[in-house]
Amino acid sequence: MTQPHPKSSPLNELCSALPSLPMRLREVGRFVAANDYDATTRSMRELAAVAGADPASFTRLAQALGYSGWDELRAALTEARRPAQPSPFSGRTKGRRHGPNSDVSLVADKLEAEAAGLVRISSSSVAAAAKTLCTAQRIWIAGFRSCRSVAELLNYQLRLFRPEAVQLVGGSGPEDLDLGAFGAGDAVIVVGFAPYSTASVLSARAAHRSRAALIAIADTIAAPMAEGADHLLLFEAAASPGFFPSLTGAIAIAQSLAAVTFALGGAAAKRRLKETEARLAAMSQYVAEKG
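Each residue of the sequence shown is one higher than the one before, counting from 1 in the UniProt record's numbering.
Hint data in this document are derived by calculation from the structure and do not stem from the laboratory. C-beta: ideal position from N, C-alpha, C; glycine also. Don't take each hint at face value.
Claimed, not checked - If you anchor each label on the Cβ, the simulated ranges turn out as follows: (1) A263 - Y286: 41 to 49 Å; (2) E72 - Q255: 32 to 40 Å; (3) A165 - D38: 17 to 25 Å; (4) S68 - Q137: 35 to 43 Å; (5) S123 - E289: 52 to 60 Å.
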């Protein structure tokens, strides 16, 4: 019995269909093929503005490829970028490069990919999320496994000037106790990338139930912990070479959130920061510089 051919990726389908498309749709199709990451992370209106096209042309392109509309094509493009679940890290590995400078080339390629990913972060989205943090009664930060480092960094920076209002989920006991403490008026930040931790999804659901504002720092719009988020802050995790996805964008977003939240806090935030600095100095937390 003949085995069915595996379905090709949506990007391959798009490239194969380009020659048969009307000229205007062909231009839009080429734009999507060249900017597939942006196609999965930006709104249709934003894409149209960058491409110099009518937003409806993205819907027509999707329908010409057999999808019901742009949302279905974008979901397929997003899914195609997701690493296979059984081996999310080892599946990314490639054979060792050959040549005298192969290791140096890998580092250079990785740094180039990281820099390109940072450019794609939406400054306006981060600023809008920071406004929500500034007005929140309490700020809860949830990051698990490799994302714990991002959560701890953001927790530390925010607590420098809002120590009484910021809490790391699971930082002082079982995380389920924190999930039960979320409330309306709070902001919950959840950090994650594929493969997503169960704890991050549970944190996001708890935020919804409590009617807290949810800020998701995620790698795709399809991330399960980002569903229904009030603010979705996207970073590029998959494009960087190496066996492990990149957290550079997530760290940049976290530090930007802290910086803008502090700036929005005005004189009160500065006063609290000075109090924290005075306490650190009194406790001799840092090595004195030699004059």
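Going down the list of hints, with the structure as the test:
Distance hint check for A263 and Y286: the Cβ-Cβ separation is about 24 Å, which falls outside the suggested range of 41 to 49 Å. About 35 Å separates the C-beta atoms of E72 and Q255, a value consistent with the hinted range of 32 to 40 Å. For the pair A165 and D38, the supplied restraint of 17 to 25 Å is violated, since their beta-carbon distance comes to about 35 Å. Distance hint check for S68 and Q137: the Cβ-Cβ separation is about 42 Å, which falls inside the suggested range of 35 to 43 Å.
For the pair S123 and E289, the supplied restraint of 52 to 60 Å is violated, since their beta-carbon distance comes to about 34 Å.
When held up to the earlier numbered hints, the structure conflicts with 1, 3, 5 and fits the remainder.
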